[in-house]
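Residue numbers (this note's numbering), protein chains in the order written: chain A, 1 to 255; chain B, 1001 to 1331; chain C, 2001 to 2258.
In case anyone wonders, no lab produced these hints; they're calculated from the structure.
For each residue, glycine too, the CB sits at the ideal point set by N, CA and C.
Check each hint, because a few of them may be wrong.
[Unchecked claim] In silico contact screen, one side only, chain B against chain C (beta carbon under 7 Å); selected entries:
| hint | residue |
| --- | --- |
| 1 | Leu1055 |
| 2 | Gly1061 |
| 3 | Asn1076 |
| 4 | Ala1080 |
| 5 | Asp1091 |
[Stated by the list, open to error] Derived CB-CB ranges, DEER-like:
| hint | chain 1 | residue 1 | chain 2 | residue 2 | range |
| --- | --- | --- | --- | --- | --- |
| 6 | B | Ile1170 | A | Val238 | 35 to 41 Å |
| 7 | B | Glu1116 | C | Met2035 | 58 to 64 Å |
| 8 | C | Gly2245 | B | Gly1308 | 33 to 39 Å |
| 9 | C | Gly2131 | A | Trp12 | 39 to 45 Å |
| 10 | B | Pro1019 | C | Thr2205 | 30 to 36 Å |
| 11 | C | Arg2049 | A | Ala55 | 15 to 21 Å |
| 12 | A | Val142 | C | Arg2021 | 38 to 44 Å |
| 13 | C | Asn2193 | A | Val205 | 32 to 38 Å |
| 14 | C | Met2035 | A | Cys117 | 27 to 33 Å |
| 15 | A | Ala55 | C | Asp2202 | 26 to 32 Å |
| 16 | C | Leu2142 | B | Gly1067 | 53 to 59 Å |
| 17 | A | Val142 | C | Leu2142 | 37 to 43 Å |
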Amino acid sequence: MRTLAVARGVAWRTLHNVFTNPSLFIPSIVFPLFFFTAFAGGLSRVQDVPGFNYAEGYTAFQFVFVLLQSAAFGGVFTGFGIARDFESGFARRLLLAAPNRSGIVLGYAVAALVRWCVTAVILTAIALAVGMHVGGGGVDLVGLYTLAVIINVAALLWAAGVAMRLRTMQAGPIMQMPVFLVLFFAPVYVPLSLLQGWIHGVAVVNPLTRVLEAARGFLAGSPTEVAAAFGAALALAVAFSVWAFRGLRKAEAAG
Amino acid sequence: MTDYAIEASDLVRQFKNGPRAVDGIDLGVTAGEIYGFLGPNGAGKSTTVHMLTTLLPPTSGTARVAGYDVVTEGQNVRAAIGAALQEAALDPLLTGREHLRLQASLQALPRANRNERADELIARVGLTHAADRKVRGYSGGMKRRLDLAMALVHRPSVLFLDEPTTGLDIQSRTALWDEVARLAREDGVTVFLTTQYLEEADVLAGRVGIIDHGHIVAEGTTDELKAQVGRPTVEAIPDDPEDTPRLAEIFAGFGDPCGSTKGVAVRLRTGDTDLADVVRALDGAGIAVANLQLHQPTLDDVFLAKTGRSLEGSDEEETELARADLAAEPA
Amino acid sequence: MNTLADQVFLLARRSVVRTIRQPANVVAPLLFPMMLLAVNSGGLNAETRLPGFPTNSFVAFALAVPFIQGALFATMNAGTDLARDIQTGFLSRLSLTPMRGIALLAGQLGGVMALGIVQAAVYLAVGLLVGVRLASGPLGVLVLFAFALLVTLGFGALGAFAALRTGSGEAVQSLFPAFFVFLFLSSMNIPRNLIETTWFRDVATVNPVSYLLECVRSLIITGWDAEALALGFGIATAVAVVSLGLASWALRVRMART
C-alpha cells in the first residue's frame, strides 16, 4: 500500500510538471504528429513499390510505426525528467521521503503511461480524421494498444535505469540513441519482406520487428506473430525493469 | 585644475521603459588613486562602470577616462583601460594561458612579446600551476585572478573592477586586495573599484563615493565620511541585568542613547575622550560590567545617516537591469 | 595594430579549438547524419523500384541529406558558442579590445566553415566507400565542397543571429525542431515528382531546403544540371546574404559600444 502511495505521489508530481509546462508537453504531442505527417504524407508513394501488400494502406502502415515510436519516446522523455530530478537534487528528496523506493520507479512508469495515453488519443484521432483504414476489430485494437503500452513501459524502464546510474541531463543522448536505433532498424518504411541486404539481417534479429509486424497485423485485422511479439515486448520490459531497479540501488548507494 | 584620470559630469542612464539607474553623477578620480564606489545592489554601480568603460552609452551627461571622451573617443578609452567586470568573463573551454595569449593578440601586443607577457601575468597572479588547465576546472578565486590578469595585459593606466571579490573566500579576497593595492602603489594605475563590502572599501580605497538610487550621496576619504557621521558609541553589558536601568541613566549623561541588543549603548557627545569618564562613572556607581566596547562609526553608519537605511541586505535589482539593458537596444 | 584578417584568424582559431574540445560537437555532426543515411538507405531502398526514380542506388539519392544536415549542426554550434560568450560576459571582454565586431562574427563562422569542410569530406568519403560515384566527376567534388561551405555559412549565420538576438543557448537549441521540420517536409526521402500527397508535394515545392538537397543530388546522380545548380546556389546565397545581414545587425545592437 505504501508503494502505491509513493507511486501515486511521484506520478502526480511528474504529470503536473509535464502538463503545466508547455515546453515539456507540446513536443511529445507535436513530434509524433509531425513524423506521421512526414512519413504517411510524404512517402505514400512507397505503397506502389511491387510487393508492398499491406491492405489498409500506407497511412495505416505508418500510423502503427509512429504509435510505437511515440510510446517508446514517451518513455524516454519521462527518463529525461528523472535525470533532471537527480541533477537538481529533487530525486534525493524523493529517496529520503519514500518509505518504499520501488514506488518511485512505479510512479515514473505510471506518469510515462498517462502522458503517452494523451499522445496516443490525439494521434489516433487525427489518423482517423485523415481517413486511416482500420481493418481490425475491438480485440485486435486492444492487442495493438497493449503492445504499445508494453513498449512505453519498457522504454521508460530503460531510460530510468540510465538516469539513475548517470544522474545527469547529459545522459539524454545515451537514453535516446539506442531507442532511436532499435526503432529505425525495424521495417519503418516498408514491410520486412521488402528490405534487402544488411538492413534486412538487422531487422530480422531486432525484437521490435516482431512487435511492429504484429501491431500492423492487429490494425489490419489479420494478427501475425502475436506470441513472438508479446514475448519480445514483455522480455524487454522484464529485462529493463531489472536494469531500472538495479539502477535505483546504485542511486541509493550514491546518496 | 586637477587632471583627472576619470571624470564624470551629470552622467545619466535611463533604461528603456524603466527607471533611471544613474541619475546625475559627478565624480573625479585623480591618477594613481584607488576610488571606491560603494552602494547596495541596484544602486547604479555597474551601470556607471559600463558607461565609463564605453559598453553603454550615457543617456545624457559627459564622462572622460584617461583624457578621452567616452562617447566620441570610445576606441581611445578602450585602449587605455582594463576592466574586470561583475562576472569573471572567461571561456570555459580555453586554458588560462590561451586566454592571456588571445587577449594579448587582440590588444595588438607585438608578437614577440605576447608569450612573455602572458607568462609574467600568470606568475604575478599565482596561476603558474594551473595555466594550462581549462578554465572550467578553476575555482572562483582562480577565475577572478585570471580575470584581473586579462585586464592588465596591455598595461592600462586605468583599471575598472566591478565587485571583484564577490563570492570569494577570505584568502582569495585578501590576495586580490594585495595585488590591487600594489598596482596603484607601484605601477601608478588608477583603480575604480565598485563594491558592496564595507571592509573592501575601508581597506583599499583612498576615497569612497557612496551611491544610492543613482545618486552619489556622500564622497570623501573613509575618515572624512565617518567623521561626518561623528561620534563613536559605547556599549556596555552589565554583570547583573538588574543594573541595566542604572547603567542607562549614567550613559544618558554622556550622549544620546542608541540601540543595543544585549545591554546599553550611547553615542558619545564629544568623542573618544569621553570613554575614560564613562569608566570612572561606572566605577563610581559600583556597576560591574561584563563587557564594555567602543564602536567607531562605519561606512554603514554613513550610509544610514545619508539614506535612512543600512547598506547591507538591500534588494537586488541593478545587475539584472544592467544585463538586460546591455542586451536591449539603446534607449 | 591588428588587421581585420588577423582578428578573424584569431577568433576562427578559437572557434575551431572550442569545437574540438567539445567532442559531442564533433561526433554528432558526423555520426548522426551517417546513421540516418544508413537507416534510410536500407529502409527505403525499395523506393528505387518506383517508375521514374532517378537512380538505382538509394544511397546515391540519400547522400545529399547529410550535407544539409551538417549545416543544421553548424547552426547549433555557431549559435550556442556565441550565446555562451554572451552569457559568460566574454563578449563584453572582447568588446573592450580593439577587436572589430565583424571579426567576431567572421571568426565564429570561419571556424564553423572549417569544420564544415571536414564534415563534407567525411560524408563524401563514406559515400565513395559504399560505392557511390559522382556523376559530375572531380570538378563536381569541388563544386560540392563550395556549395557545402556556402550552406554552412548561411545556416551558421542564422544560428549566430539567434544567439546575438536572444543571448540564450536555449533559444538557439529551440531552432533545432524548426529546421528538422524544414528538412523532413522536403524532397529529403523521395523525389518531388514522385510525392503522391498533393499538399505534401506543394509544401516540398515551396520549401527552400528541397532545392538545396536537389542541388547536391544533381551533382551526385545527374552530373551537370544547370537548373538544379542555379536554384541551389541561388537559394543558398540568398539564405547566406539574409542571415549574414541579420547577424550583423544583431551584433551591432549587442555590441553597442561607443
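Practice task
Could you work out which earlier hints the structure fails to respect and list their numbers in ascending sequence?
Solution key: Checked against the structure, the hints that fail are numbers 2, 3, 4, 6, 7, 8, 9, 10, 12 and 17, while the rest are satisfied.
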